[in-house]
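Each residue of the sequence shown is one higher than the last, beginning at 1 in full-length UniProt numbering.
Hints are computed from structural coordinates only; laboratory data are not their basis. Warning: the hint list may mix true and false statements.
[Said to hold, decoys possible] Computed beta-carbon distance windows for the label pairs:
no. : residue 1 : residue 2 : range
1   : 19        : 126       : 32 to 38 Å
2   : 56        : 271       : 21 to 27 Å
3   : 115       : 233       : 31 to 37 Å
4   : 31        : 76        : 18 to 24 Å
5   : 224       : 262       : 49 to 55 Å
6   : 31        : 206       : 32 to 38 Å
7   : 21        : 255       : 49 to 55 Å
Don't be surprised by glycine CBs; every beta carbon is placed ideally from N, CA and C.
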Amino acid sequence: MGSTMEPPGGAYLHLGAVTSPVGTARVLQLAFGCTTFSLVAHRGGFSGVQGTFCMAAWGFCFTLSVLVVACEFTRLHGCLRLSWGNFTAAFAMLATLLCATAAVVYPLYFTRWQCPPEPAGCAARDFRLAASVFAGLLFLAYATEVALTRARPGQVASYMATVSGLLKIVQAFVACIIFGALVHDSRYGRYAATQWCVAVYSLCFLATVAVVALSVMGHTGGLGFPFDRLVVVYTFLAVLLYLSAAVIWPVFCFDPKYGEPGRPPDCPRGRCPWDSQLVVAVFTYVNLLLYVADLAYSQRIRFVPTL
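Construct the entire structure; sequences and hints are all you get.
Okay, here's the thing in structure tokens:
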């Protein structure tokens, strides 16, 4: 009699969602995330763009982690119209990048060994130090999930769990840093050549986001042509486009004929176009290397679109 009342697919609650190695990492993410922004909100304090970014990153990651753990524990992810494996892998990589950035930005701008003046006092310093420690632990928790769920050589897995899929998240994240520097008085509109570079960054970013979105939504199998070949062709084109930007941007920003080879002495820190141009140049080369690595890995991957 009792057996007839059990659900045909087994227990409704999945204890492995919190007891497995990946589940344990996710529970630690919830604990460290809640502790971090609670310490900052209670006495640590935050202000300006940097503090707002850190709190937004921690809040975003905590909210989605709650969703992931709840759906895994109750098995509700099977009712969602998306590829759960791709979604969790993409989110874990994005959260790792966000938390790594916040773990560097918050101590850099808010943590000091000296006590701030009253009314904050030494209590605020202690809370900021504790928040910085837990921010680092939060980053390690998300990085651990990425390491545990990453597809191993020869293993068939969801696309976003492969090295190529994870690199897509990093490429999009680096592109966002480039866009942030571009809008911060980089003077990219002075030449058609630098405008071409902006078009390259935008086109590659949109294409990368489209690849991630198709994977997460589980629509890669219905495109009418092999998705893995599409990824290789797009990545090859992205390498060529970024290679052109890696040559053009430094020439038109730092060559004496078009720009400034060195930082102008009268340029105020924090509001200097040369600084923004340097950031764009550095991360252009970073993304170029990421796309080259992606091209090398994307030719060898094996994945299942519906995982």
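Going down the list of hints, with the structure as the test:
no.	hint	in the structure
1	19 x 126: 32 to 38 Å	34 Å, holds
2	56 x 271: 21 to 27 Å	23 Å, holds
3	115 x 233: 31 to 37 Å	58 Å, violated
4	31 x 76: 18 to 24 Å	22 Å, holds
5	224 x 262: 49 to 55 Å	52 Å, holds
6	31 x 206: 32 to 38 Å	36 Å, holds
7	21 x 255: 49 to 55 Å	52 Å, holds
Consistency with the previously given hints fails for number 3 only.
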